[in-house]
Each structure stands twice: as structure tokens, then as C-alpha cells.
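Asks: Sequence:
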Amino acid sequence: MKKKKLPSEILSIQFLILMSYSSMAVLTLLPLFFEHLGGSPREIGFLIGIFSLAAFLFRPFCGWILSRFDTKIVLLASLALILVMTSLYFLIQSLNWLVIFIRVFHGIGFSIFVLAALLTVVLVAEEEERAYAIGVVSTGFMLPLLIVPYLSEQIIERQGFFFFFLAAVFMALIPFVYVLFVRFRLPPSSPESRLESTGFFRLLKRKRILLIFLLTFIFETGLSSSLSFVPLIAHQGSSMRSGYFYTFLGLTAVFMRLYGGKKFKSWGSPGLLLPAFFFLSAGGFLIYFSFNNFILGLAGITWGIGVGILYPHLSALVIEGVASNEKGKVLSLFAASVDLGFAFGPISFGWVSQSFGLRFTFIPFGLFVFISSLALMLWGKSTLFKKSS
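The opening position of the sequence shown corresponds to residue 10 in my numbering, with each subsequent residue numbered one higher.
None of these hints come from the bench; they were simulated from the model.
Careful, some of the hints might be misleading.
[Stated by the list, open to error] Capping the alpha-carbon separation at 16 Å, the derived lysine to aspartate or glutamate pairs in EDC-like fashion look like this: (1) Lys214 - Glu335; (2) Lys216 - Glu329; (3) Lys81 - Glu18.
Start from the sequences and build out the full structure, keeping to the hints where you can.
Replies: If you want it as C-alpha cells, here you go:
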């Protein structure tokens, strides 16, 4: 196989995502802080989910912003908003409207940043290398999970929540400073890109785009549920550490994206989607049986296989064959499905677990991920396995 060499802009975006998501990885343990303030599972699920719900609702404006302003300016402004909102967590003393305000605008900032980063990758990467490029960049979402949540647990236990939030602010400051100095060389816009693009709802009428939108929603619903509530599961066992789950999930996902992207001949094929969803479901079942750190780590590995495959494949497949003047909107739809899943997962999981218990709820969620993804793959098999026109 021909050795793949990526443009320097891809590595710059990877670093920005790596550092900004390191701040987010610290905040994966926010449920512990909200529980400390007296929050119920429903309240915790709502406060975690509203971050992504705000990002989802803001997505249409993201596409408009990126069509009007330089990408670097958008990146800088979004990272500034993330930094400010992260700093405001210090002010939280109770679960009130201030928490909702911070979570909403933190989600909006991250929404803009991720979309601008993805659009940069799509513009500079060659089409045949797009799945690999997105896989490399998206390791920035996974690498922080190797160690950051584990360290955050130690910070909370030894120094308390003040230093916990201080670590999140420091991680958010680094990408903001970096983007002040980095340069992006984007290709000039083609005449086609200046044509009026199709509206969001008309794009969703295309079966292939709708299918990937729904598959991404299911994927992110399952992922956000585990990321949000595994800390509370581990907290129930005095010797358990949720960091084991995050570390093995991140390590496996990074391995899949870097090694798989280079070595697997089937990498980028839609044929890998259903096996990946199977691993997600199996990971949910393992969390139910995770009464020690070994099983929790094994659940992380199982999740990591599915996560390592799904994000780069779904994001590359959704824009396959799409006209250049529509790629920004299609990416907005893809990112919106990510946000919607991340919002729906914690909120719905919190409501169900309030009645049936945290641990048991991973069983119906695992079944939901597998059955719904299988049904969608059967429904859209004919359109998914052919090039979109």
C-alpha cells in the first residue's frame, strides 16, 4: 500500500483538537462534581446533555459563520469562548441557572471549533486519504482519555475540585495560544463552491446522508452515555477507577485509527460499520458486569474498537461524492448528529437509570445500539455500498 503523507495543516488541527479535548477529558468527571453538589441522576444527565443540545441547535449558524469568516478567525474565536466558559466553572456553588448558562455556551464554543477543524481537514486532504486524515485528527479526541480522566480522579481525591477546574482551564489555554501563531494554507475556492448550496432539509432527504446522520446519532448516544455515567459506576466501588475504562478505550481507539488507517485494506469501507456497532453493544454489556477494574478495562477495549472505527468512517462516508459547495453543510449535519447523540444519551440514560439503576441501564442501551444500527444498515444497504452521485 502506498505510504500516506498528510499536509502539515492536518497535524496542526490534530494538536488543536488534542489540547482542547484534553480540557474536555478533565471535565468528563463533572458528574462527580454535580453529585457532590447534590444532583440526582436525572439532573446530572440533563446538565451533561444540555452541552451537546446547545451545540446541536447552534449547528446551522456554524455553517453560516464558516461561509462568512476566515477559518483561522473562527477557530480563534471558538477557542476563546471555550476558555472563558471553562474558567467560569470556578463560580459554580450550586446547581442553578449559572450552570445551565455555562454548559450552553461551552457547548456552542466547542460546536463551532469542531466544525471549523473538520472543514479544514476536508479541504486540505485528498479524497482517497480522507478517512485516514480524519482518523489521524480524531485521535486528538481519544488520546486525552488515556491518562487525563485517571489524573483528574487523583486531583479530585488529593487536591479537590478547585485544582480539578484549574487543570481544565490550563488545557483550554494551550490551543488558544497556539492558534494565534499557526498558519493554515487552504486551497482556493472553486467556482462550484461559490454556487448556492442545497438547504439542510433537502440534504437530509438524500437517503445516504439521512442514514449516516441516524447511524452517527446512535453511535454518539451510546458513547456519551458510557462517558458520562461510568464515573458514577466506578464510584460505587471503593477500589474501582473509571480511569481504567477511559485509558483502555482511548488507547484502543487510537491504535485502530493509526494502525488500521495505514494497514487495513478495508479501511474506509462501509462494511466495517456493523461490526463496529457490535463492539459498542458488547462494551455496554461488559460495563454491566464490571465489578472490578479488569472488567472495566476490558469494556474500555471493546468500546475502543467500535469507537476507533466509527468516527472516521462515518465522517468520511457522509461527504463521499458530495459537491464541494455542499460539503460545509453536510459536515454541519454530521456534527449536528454527533451533538444530538451526545445530548440525548446522558439525558435519556439519566431518566431511565433513575428508575432502574445505573448499572442495569447499560443493558437496554447496549441492545438499543445494536438493534437500531442493524435495522438502519439493512434499510440503507443499497445506498450505503455505492458511491453517492
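Asks: Which hints from the list above does the structure break, by number from lowest to highest?
Replies: As far as the earlier hints go, not one is violated by this structure.
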